[in-house]
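This is what each chain is made of:
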Amino acid sequence: MKYTAKPLPPVDLPELRQVGKPLRRVDALGKAVGATVYGADYSMPNMLHAKVFRSSEPSARIKRLDVSKAQALPGVVCVLTSKDAPGAKLTTDMPGQTGRAARAGSDAPVLAGEMVRFVGEPIALVAAETLAIAERALKLIEIEYEPLPGVFDPVEALEPGAPVIFEPDNVVARWKIRKGDVEAGMAAADVVVENTFRMPFVEHAYLELESGVGWVDEQGVINIRAGTQVIEHFRNIARAVGVPQNKIRVRGTLVGGGFGGKEDITVEIFLALLAKHTQRPVKLVYTREESFIAQSKRHPFIITHRTGVKRSGRITAAEIEMVADSGAYPYLSPYVLLYATIMASGPYRIDNLHVDSAVAATNQPFTSAFRGFGGPQAAVAYEQQLDEIARALDLDPLEVRRVNYIKTGERNATGQVITSAAWLEESATRALEALGEQTPDDGPVRVGQGFASYFQSYGRITWFHDTSRAWVGVEMDGTVVIRCGAPDIGAGQANSLCQIASEVLGVPLEDVTIYSTDSAVTPLAGTSTATRQLYMSGSATLQAANAVRDVLLDRASKHFEEKPENLDLADRKVFVRNAPEQSLPLKKLIAMCAAEGLPLSNLALFTAPFTDGIDPETGQGDVFPDFTFGAQAVEVAVDTETGEITLLKSVACHDVGRAINPAAVVGQIAGGSHQGLGYALTEDYVMENGVTKTPSLAEYLLPTTLDFPTTQVIVLESGSGVGPFGAKGIGEPALTPAAPAVANAVANAIGVRIHELPLTPKRVLEALGKLGSSE
Amino acid sequence: MMQPGIVTLDVNGRRHQVALNPNVTLLQALRDLGYTDVKNGCEKGDCGACAVLLDGKAVNSCLVLAWQADGAEIVTNAGLGTMDRPHLLQEAFADSGAIQCGYCTPGMIISAKALLDRNPHPTEDEIREALSGHLCRCTGYGQIVEAVQSAAEKMGGAE
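So the protein sequences, as listed, match chains A and B.
Counted the way the working numbering counts, the first sequence spans residues -2 to 772.
Counted the way the working numbering counts, the second sequence spans residues 34 to 192.
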């Protein structure tokens, strides 16, 4: 065995009754029997069906748009164009937040008027009595384009003379980090290693298509029932359709997968406009091909690392350049780039550091949030660079990392002190140990192992001043109700809140019911993004449940003539800790409280740390509440004759702080790993002159049951996170180390580095010199 | 112009007679009848979310025209069990962490049911083969395979 697990420092994690147990998630049975109603499953009496007419051109002026024939088709109720929604913008503000930061100009027209800037850009909306009529009407819309020069590469977009998509230039955002003295650090280096890495567009490919129903209710409120990660978009919808904010209600559904792709607005504004215009319920469901061209992608990045190192492996300086593609509209690109910039140098202590990053507009699909939010792209580059440093120095890859790993108490790239456990070596050695002895080569089939360490923030940027709210109450029979706006996007957000309340109030999980994701009736809890819901809404729920518990125990202390701290709640009872035979059913205690008018519910507000923004010249300042750390190790077999790569083993090890539901945590890690393995090996949203070459699930290859072995999951619990019970976030971090681990294993197998994802058979053969290079 | 025809659809033990154009897929027909547990993920047979049992065989309902199912026995996932009386497979999926967003689940369970009906003791490879037409974007499939194994054990090969 080459690697052995580094011993863990002692951790005192108290055994709890509900938290930490792999219970059946509260949303699981409804989904299992098909009772869960998603956005497309809902229908209303008298309902219309809508379709969206979209641009076929990546860059053009609209010379003529004539919807009269479509409008005249029997059964068509309306056709709306930009003239019917003058100036309407789709805004990707930092929704629901009270932050002082200005928006980064992330406005896109709801419907294109004079210009189209990407294939798939919406131009007109049709509402008709049936879906078939709406589809027919689309074909009757007449349009003439005047094609304009486009730009389809972010590097070209930044060059002088490139077609400019928005004046004054194609720069959507730039960030930089200036720390220490890079010149001196490079001069002190024994070796300087330089590499450039490229990553493609990636499609979210959530199974549930964008869909929903909109209607105007008896108060004149426009209701939108749709799957979304962000019900707080009701404010942006109100702005776009020109109604007061209290006249839009977003009733979220359980979401059939989001991964960041339902963080931006999808169908909501279209439904609101059509419902307002027709005063009838309207349903809109995208097709898969439409979903592919209409919604965001993961940002392609080109990342260059230049690293100065001592023979020992110690990094003396690093210069990193990043260029990303924002596509035609900014959306969340400025912030994705910020994440990538901050995480560019990885979980390593680098005292002399320059990072320069830019994200450029092109006539491509717009890019925005996707699980990891720039962190995975950064990791693909920095972890391959670390392996290349090891190769240049003839050192073990773990040894190079060991001398550079950041430790608790040290400062990261922006000068933020790491306050929680940073179990980097602990997680890497465990993943490597579990991977075991390397499988022997078999003729032309070469086997290699590789791993990647990472760190990834959880919780939003702290200068956004993030908040969440949750309401917890007990009913007269002792059951518990939670009301919390948090959307559940499949990751177990709702269940975690229930398990926390069940722990605090001493009832089994089945006694807890949650109402969530309704902008009008559930307290606003912020977005289900940024790996923030367990941290933010989990903390709000804990706070609210504890407030109710305090009332209950205070009343019980009078009954038992014991101090509240000597009492406990469990198994639907209140009891004296040292004398559990002295107990009272919870419902009797509740009745006593109710008889005295005591508050049996609580609305809690949880606030993340509020900080000022970073210094724009140096990038220095605190940016995140905390970070998750971990590693993944894989073994691959590469057929050097065909270029085929087979994943043989995969192990992921993450410190999750505290697992609220261990089965759900394993699911997050195994599933996140799988997405990351797809990123490494099969997924490539190919664009050619602004047109996708992978327009459906037949061309865009998601991993199936037959492609990869299940990732073995090792869960560590440091108890050091800022979330409830010491939890950290794991939703996004789970994906981050997978792709660089595969890239490192492939390089280890064939002895050559492939600098571009995905690692296809063609690229393997090119790297081995068995094909002419396509460059 | 297409002429609608009367199609008899026997779904989960209920009989429907509906007038449908010949180009209407079984997926569309079932969803319009309210069987919304049959999910639309691509309408091209790429994702498996719309799988139903057609005379005991798992098919993608988007690739079957409604009239082709005329008179056949159709079972959707909701026909296997309910919230108060779930099928063992449905319970196993709920208990094994096999469900995250849940959108692929009804189709997965249908193919698992068809597999266990013909092969009550499948190996892991046989389960993976049987589910290979179903895409899941959340789980990485491992817990889904475990759920089928666990259900097979509980069902003991006799149902």
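It cannot be assumed that every hint is accurate.
[Unchecked claim] Pairs of lysine-lysine residues, derived as DSS-like cross-links and limited to a Cα-Cα distance of at most 27 Å, are as follows:
| id | chain 1 | residue 1 | chain 2 | residue 2 |
| --- | --- | --- | --- | --- |
| 1 | A | 18 | B | 90 |
| 2 | B | 77 | A | 690 |
| 3 | A | 136 | B | 77 |
| 4 | A | 60 | A | 86 |
| 5 | A | 18 | A | 555 |
| 6 | A | 555 | A | 570 |
| 7 | A | 80 | A | 60 |
| 8 | A | 404 | A | 307 |
| 9 | A | 404 | A | 173 |
[Unchecked claim] Pair ranges (Cβ atoms, derived):
| id | chain 1 | residue 1 | chain 2 | residue 2 | range |
| --- | --- | --- | --- | --- | --- |
| 10 | A | 66 | B | 65 | 23 to 29 Å |
| 11 | A | 607 | B | 67 | 47 to 53 Å |
| 12 | A | 195 | B | 36 | 24 to 30 Å |
| 13 | A | 135 | B | 66 | 23 to 29 Å |
| 14 | A | 472 | B | 115 | 49 to 55 Å |
| 15 | A | 579 | B | 106 | 55 to 61 Å |
| 16 | B | 39 | A | 141 | 43 to 49 Å |
| 17 | B | 39 | A | 66 | 29 to 35 Å |
[To be verified] Here are some of the chain A residues that sit facing chain B, going by a computed Cβ distance under 10 Å:
| id | residue |
| --- | --- |
| 18 | 26 |
| 19 | 474 |
| 20 | 488 |
| 21 | 708 |
For the record, the hints were derived by calculation from the structure and aren't laboratory data.
A virtual CB, placed ideally from N, CA and C, is assigned to each residue, including glycine.
| Structure versus earlier hints - violations, ascending order | Of the numbered hints given earlier, those the structure breaks are 1, 5, 12, 14 and 19, listed in rising order.
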